[in-house]
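Protein chains: 2
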Amino acid sequence: MNLRRPLIAIDWGTSSLRGARLGTSGQVLEARELARGILSVPPGQFEAVFHELFGDWLQSPDALCLISGMAGSRQGWQEAPYCPCPAGFAELGQHLLWLQPGRIALVPGLSCWGTDTLHTPDVMRGEEVQIFGALQLTGRDSALLVLPGTHSKWVQVQGGRVTRFQTFMTGEVFALLSQHSILGKTLDLGSAFDDSVFLQGIARSQQAGSVLHHLFAVRTLGLFERLSAAQLPSYLSGLLIGEELRAQTHAHTQHSAGPVMVIGSQALTLRYTLALQHLRIPCQSLGAEATWAGHFALASSC
Amino acid sequence: MNLRRPLIAIDWGTSSLRGARLGTSGQVLEARELARGILSVPPGQFEAVFHELFGDWLQSPDALCLISGMAGSRQGWQEAPYCPCPAGFAELGQHLLWLQPGRIALVPGLSCWGTDTLHTPDVMRGEEVQIFGALQLTGRDSALLVLPGTHSKWVQVQGGRVTRFQTFMTGEVFALLSQHSILGKTLDLGSAFDDSVFLQGIARSQQAGSVLHHLFAVRTLGLFERLSAAQLPSYLSGLLIGEELRAQTHAHTQHSAGPVMVIGSQALTLRYTLALQHLRIPCQSLGAEATWAGHFALASSC
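Chains X and U, in that order, are what the protein sequence lines are.
The first sequence runs 1 to 302 under this note's numbering.
The second sequence runs 1 to 302 under this note's numbering.
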């Protein structure tokens, strides 16, 4: 696969901004990572900030620029309406929001709809590019994927299109509990990850009952000195990631289209891989390379 | 049932302090409620604060004084070791920690042990008095009880003894999510309770999946304007209380010893009663009267 022109790929999130200049065969020529998430940009200043940060790259007259992530949200540069699922490259390409026709576009997020009485929507912004990148890199067109993070996404892909997905507030709930709850009083957040204690949390979370109950164990295991302050963050992480996996295990069993693909930072993919292996669910992991591969594949299709 | 001497009943919790002076047949002669929870008392000052607040009541030379709640914790007046379950009045009476022999005692909390590999403990302090009070008031000796709050307790009683219980962090998680999470940005915490939206949350929480996913609906239903900022707190409350009930419904089915007893403030017992009725689980509710009845019954047995 080759592009006829250079690509500027931007992943502009809530708290950080990453960019890469790609050559016509997709190779990364130069990459930048900046603490300039959309929350740091005053309304109306997105274009100016963007040119300030990437003006040198934009001097290439035939460059195409694709911007994914929260820059396309209501709080961002301009709102790019969600592309409804099922959605593949074609649908995503049709829903690009061109800021400069043929030159700079915002990649829309995806939406899907629940089967509950309120038809509750679910949404993502930015992850869709990583998903399609991962499919390209692995040559798969069906998969169950997880993108762990503040708001983890579990995604089903069939025939190259995202058919449905679910968001889990795992990362945010971990942060809230460890920083603001009574559990925070007894745990040492600076401690090293303990994989054996993490897996005890995973095992506990698979038992009958509720995560709202299991969480209280972090308090009592500390009070009764069964686990140390240094071990408790790993246990809490196991309980929460395990709850996410408990809910998704049946999806994998139903789906069963090869190993679960875990896409994210090294620290998080390590935890999910450990947990999935413990539950005897095959998996493979990918990192940041999925993002640029996704931008490149999208650029090739539009 | 009659006592031969007056009783001073104290429920000394983390953030508040309640006291009642009871007559020999258990009638409340005088009650006080003060914002003097144990967190407001400097170490070593418990006796002085107690005499400052209740010195007049203690002038009665034959009065017995029972103090339940967090005053008996490690952070309180003195640590009263937990009484292990199964425990009834007799066991609780044997585990009283006498601060002045025959005159002032701390009521111990209860502990029980999970069946997981870590034999995770669970604990309560203060609720045990309410539980035994509720049994006295209703004349029951077997029941499934719930005491909603920051940390809700679900309790099984058989033959007049607490056999096991589980803590759920429901109230604390509600507070964290509504005050510190991304969900807090779109909900109006000052709004009135909406029972129909609350029951939609209850219904959603009974569906397959995970509460970590269901919670994200509070965000998207707000974003897509399906529910208003005023309705979202009731929906969030329904999701969390519903998760607690989902985990306990089978306990009731197994147990099936008459209606579930809900003990707590009027605002919370209303919500639990609504939810239980919606799930066709019979229930009855009790308020603060259970606390004083428990102290009185305990005093009669010791």
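Wrong hints could be hidden among the right ones.
It does not matter which identical chain is used: a pair holds within one copy or between any two.
Unchecked claim - Below, a list of computed lysine to any residue pairs in the SDA-like style, where the Cα atoms sit at most 20 Å apart:
#, residue 1, residue 2
1, K185, F174
2, K185, G139
3, K185, A175
4, K185, F46
5, K185, P42
6, K185, R74
7, K185, G171
8, K185, E225
9, K185, S40
10, K185, G55
11, K185, V123
12, K185, V49
13, K185, T14
14, K185, E79
15, K185, L270
16, K185, Q75
17, K185, V41
18, K185, P259
19, K185, G93
20, K185, S196
21, K185, L274
Hint data in this document are derived by calculation from the structure and do not stem from the laboratory.
Between K185 and T14, at a C-alpha cutoff of 20 Å, which is it: within one copy, between copies, both, or neither?
between (29 Å within a copy, 15 Å between copies)
Regarding K185 and P42, is the shortest C-alpha distance of 20 Å or less found within a copy, between copies, in both, or in neither?
Answer is between; shortest inter-copy Cα gap is 18 Å, intra-copy 36 Å.
Checking an output row: K185 and S40, CA cutoff 20 Å. Within, between, both or neither?
between (31 Å within a copy, 17 Å between copies)
Alpha-carbon proximity between K185 and Q75, which holds within one copy, between copies, both or neither at 20 Å:
between (35 Å within a copy, 13 Å between copies)
Up to 20 Å between alpha-carbons, please classify K185 paired with F174: within, between, both or neither.
both (14 Å within a copy, 18 Å between copies)
Within, between, both or neither, where K185 and V49 count as close if Cα-Cα is 20 Å or less:
neither (41 Å within a copy, 26 Å between copies)
Up to 20 Å between alpha-carbons, please classify K185 paired with G55: within, between, both or neither.
So K185 and G55 fail the 20 Å test inside a copy (47 Å) and across (34 Å) alike.
Within, between, both or neither: K185, A175 at alpha-carbon 20 Å
both (13 Å within a copy, 17 Å between copies)
Quick one: K185 to L274, C-alpha cut-off 20 Å, is that within a copy, between copies, both, or neither?
neither (27 Å within a copy, 34 Å between copies)
Classify it for me, K185 with V123: is the Cα-Cα distance of at most 20 Å met within a copy, between copies, both or neither?
Between copies only: 17 Å across chains, 34 Å inside a chain, cut-off 20 Å.
If the cutoff is 20 Å on CA atoms, where do K185 and S196 land: within, between, both or neither? Let me know, please.
Intra 22 Å, inter 37 Å, cutoff 20 Å: neither.
With identical chains, the pair K185 and V41 could be close in the same copy or across copies; at 20 Å between alpha carbons, which is it: within, between, both, or neither?
Between copies only: 19 Å across, 35 Å inside.
The structure fails to meet hints 2, 4, 10, 12, 15, 18, 19, 20, 21 from the earlier list, while all remaining hints are met.
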